[in-house]
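A.B. asks: For chain A, the structure is supplied; the task is to place chain B on it using the hints.
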Amino acid sequence: MITVLAIDTAAPRLQLALLGPDGQTDTSIDDLAQGHAELIFDRIGRLLERNGLGHTLIERIAVTTGPGSFTGLRIGLSAARGLGLARDLPVIGVPSLLALSFSGPAATPFSVLLDARRGEAYFQPFAAPATPLAPPMVLAMQDARDRAGTAPVIESPFVDIALLARFAQTAAPEDFVPEAAYVRSADAKPQDRARIARRREEQ
Amino acid sequence: MRILGIETSCDETAAAIVARDEAGRGSIVSNVVRSQIAEHVAYGGVVPELAARSHVTHLDAIIRRAMEEAGLGFEDIDAIAATAGPGLIGGVLVGLTTAKALAASLDKPLIAVNHLEAHALTARLTDGVAFPYLMLLVSGGHSQFVLVRGVGQYARWGTTIDDALGEAFDKVAKLLDLPMPGGPSVEREALKGDPKRLRFPRPLLGEDRLDFSFSGLKTAVRLKAEALAPLSDADVADICAGFQAAVTEIVARRATAALQRLGSDAPEIPPVLVVAGGVAANRAIGGALRDAADRAGARLVIPPAALCTDNGAMVAWAGAERLALGLVDGFDAPARARWPLDSEDMGARNAA
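As they're listed, the protein sequences go chains A and B. All the letters of the first sequence, read from the start, carry residue numbers 1 to 203 under my numbering. All the letters of the second sequence, read from the start, carry residue numbers 1 to 352 under my numbering.
Only chain A is shown next, with the shape it has when bound in the complex (with noise of 0.2 Å):
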């Protein structure tokens, strides 16, 4: 059993679960708006204290990748990919989306809906429990609940974090990058506001 550090921190709470070689999980976890960045290594130290662990015993380190918080999912990613850059540990991203689903029922097909502001929502059809149906997408409120219809639909941006700490001890390195998929774009405009007009000149 490979000891887990699993870090969320897209939604406004700071969510930390420590799976132990023991495969007993403990978790942290702060309801809190902002303000993840002063605190999350504060929490780390005392999950690792009273779990009797250090960071150089930590295997693997987890992370949700979004959509969520463009800020929160940097604070969580710059934290993952620092120490598993320190210590030369996998580090595995997990969309948000997908990891909303672990906690989605075994039996029957269901969607993750998440208000994404703007009348907007962040919307994926599952199978089961991480089996996605089709990739993260952005909608219009009201397609996206066309779409989730009359089947279960997950609403609380807040991941299962022991769940996510279990789904990374076996995923593949290779299969879940630590890149932030923020799924909107990042609203900049090119600039092509006319300059001030050049003469055409003969060389």
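These are calculated hints, taken from the structure and not from any lab test. No experiment lies behind these values; they were computed from the predicted model shown. A portion of the hints provided could be inaccurate.
[Said to hold, decoys possible] Covered stretches of chain B, as calculated for chain A (at least 3 residues, CB under 8 Å):
no.	region
1	41-50
2	197-210
3	331-343
[Stated by the list, open to error] Computed cross-link-like contacts, DSSO-like style, restricted to lysine-lysine with a CA-CA straight-line distance of at most 30 Å:
no.	chain 1	residue 1	chain 2	residue 2
4	B	Lys196	A	Lys189
5	B	Lys192	B	Lys174
6	B	Lys174	B	Lys196
7	B	Lys192	A	Lys189
8	B	Lys196	B	Lys224
9	B	Lys192	B	Lys224
C-beta atoms are modelled at their ideal positions from N, C-alpha and C, and glycine is treated no differently.
C.D. replies: Showing chain B alone in chain A's frame:
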């Protein structure tokens, strides 16, 4: 001691290892900078969200490269330093959080470095300059005179009341459709132009103060360019030459006044003017500052261009200087968009 320094406050993803010996002499062991300029060029300037995204993607590989080029493992590093501000907050968070992760996992001290302090102390790494000295910081984000009394001890004598000087260069370049980064482009054009054909205003220069203002100058350049349009190549070169002549005169006259103040405030110390920031690479401005320093009997120190623009070595060095004084930070150190060198907080950090 050896320090890893991380810089992500604007559009450079950078990491470096710097060594400091017992006598306080520094040397750069490795220095890796990845510019994002190609990612932002289509937008006509740095897009903060894109910059932050790019830092996340590239920072760990840049750190790994800095370690490889140094031929060191993390066990050979004594502390981790990162820019904690001022700068684009999304990027600062990436570098600072990565540094915290390294420090926590490796059980090494963390130093949350003020980016301006890193610029301010670079001349001690490159030239071993002793305190106190006068610094002129001229970059894309800052234009200020700072009296550097010691590590963490700064008095700001003047600053820009609107645009930074590097920003003015960038805006002129953009207006004239010259490639980014604007500073070198404008300088290149200015070399071909006649600096006397078009005279631009020198805002604020009539006032007896050490502050800068470049916004009105930029507007004057725009109005002149619009009046001349469509612009010939010679027009573009002359506009650049006239603009550069104006800012060169402004900077040189302010530097002269600042050196006068240094001489009257502290007549007992040999005057030193240190120039930092990307604009320090401009040869016309550098030459005018050299003349100003010579006339004032002051020593002028301009670190190599690669250490004037944003880099990890300056952050590592600032970290080394702070660590040598026992100044370290906790894992709750915040990332800050704004963090003036003369803020109360820098003082409190001094006293720590």
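A.B. asks: Each of the hints needs a verdict: does it hold here or not?
C.D. replies: Now the hints, each set against the structure:
no.: 1; hint: 41-50; result: holds (count 7)
no.: 2; hint: 197-210; result: violated (count 0)
no.: 3; hint: 331-343; result: holds (count 5)
no.: 4; hint: Lys196(B) x Lys189(A); result: violated (38 Å)
no.: 5; hint: Lys192(B) x Lys174(B); result: holds (18 Å)
no.: 6; hint: Lys174(B) x Lys196(B); result: holds (22 Å)
no.: 7; hint: Lys192(B) x Lys189(A); result: violated (33 Å)
no.: 8; hint: Lys196(B) x Lys224(B); result: holds (14 Å)
no.: 9; hint: Lys192(B) x Lys224(B); result: holds (18 Å)
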